[in-house]
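If you use my numbering, the sequence shown corresponds to residues 280 to 761, in order.
No lab work stands behind these hints: they were computed from the structure.
Among the clues, some could well be false.
[What the hints assert, rightly or not] Simulated restraints, written as ranges between beta carbons of each label pair: (1) G363 with G667: 34 to 42 Å; (2) G499 with G380: 31 to 39 Å; (3) M389 with T358: 35 to 43 Å; (4) T362 with G499: 38 to 46 Å; (5) V402 with D579: 29 to 37 Å; (6) I412 with D645: 33 to 41 Å; (7) K641 with G499: 30 to 38 Å; (8) P683 with K641: 14 to 22 Å; (9) D645 with F493: 34 to 42 Å; (10) G472 with S607: 51 to 59 Å; (11) G444 with V402: 18 to 26 Å; (12) P715 with R302: 23 to 31 Å; (13) Q303 with M389: 40 to 48 Å; (14) Y366 with L668: 44 to 52 Å.
The structure displayed is predicted, hence computed values, not measured ones.
We put the beta carbon where it would ideally sit given N, CA and C, even for glycine.
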Amino acid sequence: MAMAQQRDSAGQGEAPAAFDPSRQYDVMVAGGGNAALCAAISARRTGASVIVVESASEFFRGGNTRHTRNMRCAHDAATDTLTGPYYEDEFWEDMLRVTGGQTDEHLCKMMIHESKDMLNWIVEQGVRFQAPIGGTLSLGRTNSFFLGGGRAMLNALYKTAKKLGIEIVYEAEVVGMDVEDGFFKSATVKHKGHDYVVRARALVAACGGFESNFEWLERGWGPAARNFLIRGTANNKGTVLDMLIKSGVQQIGDPTQCHAVAIDARAPKYDGGIITRLDCVVFGIVVNKLAQRFYDEGEDVWPKRYAIWGRLVAGQPDQIAYIVFDASSLKLFMPSLFPPIQSDTIEGLAQKLELEPAALAKTVADFNAAVRPGTFDPTVLDDCRTEGLTPAKTHWARKIEKGPFYAYPVRPGITFTYLGTKVNEESRMLMADGRPSANMFAAGEIMAGNVLGRGYAAGVGMTIGSVFGRIAGREAAKNARN
């Protein structure tokens, strides 16, 4: 409070009505997306006074949640919004497969179990789901889709938060933190050109990773990071995460592991969102700037493999690749915001992509010669494959021969990073020496590395945010009362 008073007296004006420097809240939530709102609502429903500080403006509130569409939750039977059961054991097997075992088994299984109740709890907070969808993602059984998408989901949570009396301040960035021996005392928040000290009995950090901080990305990825695109918010610079680590919070995860998908190379640097993602990899071939294939495009169903393609493209020269397919596949997937590049010949397509025409023609010809007949079925692991080709295409392999021919240029699109704070089953942060923090909790992307050591399954980010957000808010409120 003293800092705020000193800076105001220096001629910066009076504190805005949003902040009462004399007040101490039970719970301060840093962030404004799904995890933050679930934490705030959970804390308030447990009886705590809550303030949410969101660095974005009201229009751009919500971080990466704005760009989401669905959430993966365990359930034992079909519903109006899900086509069949998705048992806890299957969910766990999927997580084990996509992470390659790099997950905290206890926390992951706890999250999966808790997710079963989230479909009810999140509806109680005003969120609505739509009927199951089909198409390339094949998620009608496992994932529930938000009616109106992520922004509608956020609007519902914010509406509930306001009804409950939760204080929300936009354009409020945490720029300082007073933490002593694992005990949170206060945070310095910059708002409209002023710095204010916000005091709370407990902190919930739910403000994302560091994917928008290119200097931090470069520490792990080197100069290649400068060619990455950021699918989500430009606000996730890892400021709070950095402060927490420097305050003695134990970190978890690899700084090079992240949710990274192949997105249209013509997308904006930030905030391209879901409409820049491309789901046509399984229906064609992917080549680098040398017109060479470099990975099995048909390894598994798309929801379990789409998040590896950002990393794969990141490993290619100049971090660029091209998805090439023909007219027979054009209507099989959800297109990007941008139209595909088109030509009547493979050589003509190569020229438009600035690839060597002879090299692309040879790659396509070699692929076509290796294709073995099968029964094409985009909804299952079919028997259409290649033989004698490296790398192989193990499913959905069809000759690229029906003109016109199409291509999308793609670059790595980072959604969120996995390096974060280590937590326990209460979503309480652990300190570097292994002790639980006295009053600091984390939820969402800032602690996702506990569950996601690598890899991704569609909708799991929202599961992590909702489940651990609800837990963090509840436990922070209990902590504040005690």
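- Message: Quick check on a hinted range of 38 to 46 Å for T362 and G499, using CB atoms only.
- Response: holds (39 Å)
- Message: Against the range 30 to 38 Å, how does the distance between the Cβ atoms of K641 and G499 compare: consistent or not?
- Response: Distance hint for K641, G499 holds at roughly 35 Å.
- Task: Mind checking the hinted window 18 to 26 Å against the Cβ distance between G444 and V402?
- Result: At roughly 21 Å between Cβ atoms, V402 and G444 fall inside 18 to 26 Å, so the hint holds.
- Message: For the hint 29 to 37 Å, verify it against the beta carbon of V402 and that of D579.
- Response: Since the Cβ atoms of V402 and D579 sit about 31 Å apart, the hinted range of 29 to 37 Å holds.
- Query: Between P683 and K641, does the beta-carbon spacing fit 14 to 22 Å?
  - Reply: Since the Cβ atoms of P683 and K641 sit about 20 Å apart, the hinted range of 14 to 22 Å holds.
- C-beta pair G472, S607: status relative to the range 51 to 59 Å that was hinted: Given a distance of about 58 Å, which is inside 51 to 59 Å, the answer is holds.
- Query: Does the Cβ-Cβ separation between G499 and G380 fall within 31 to 39 Å?
  - Reply: Between G499 and G380, where Cβ atoms are some 21 Å apart, the hint is violated.
- Message: Between the beta carbons of Y366 and L668, is the distance compatible with 44 to 52 Å?
- Response: violated (37 Å)
- Task: For M389 and T358, compare the CB-CB distance with the range 35 to 43 Å and indicate the outcome.
- Result: violated (23 Å)
- Quick one: are D645 and F493 within 34 to 42 Å, going by C-beta? Hint holds: Cβ distance 38 Å, inside 34 to 42 Å.
- Measuring from beta carbon to beta carbon, are G363 and G667 in 34 to 42 Å? holds (38 Å)
- Task: Return holds or violated for the Cβ distance of I412 and D645 against the range 33 to 41 Å.
- Result: Holds, since I412 and D645 (Cβ atoms, about 36 Å apart) stay within the stated range.
Checked against the numbered hints listed earlier, the structure breaks hints 2, 3, 13, 14; every other hint is satisfied.
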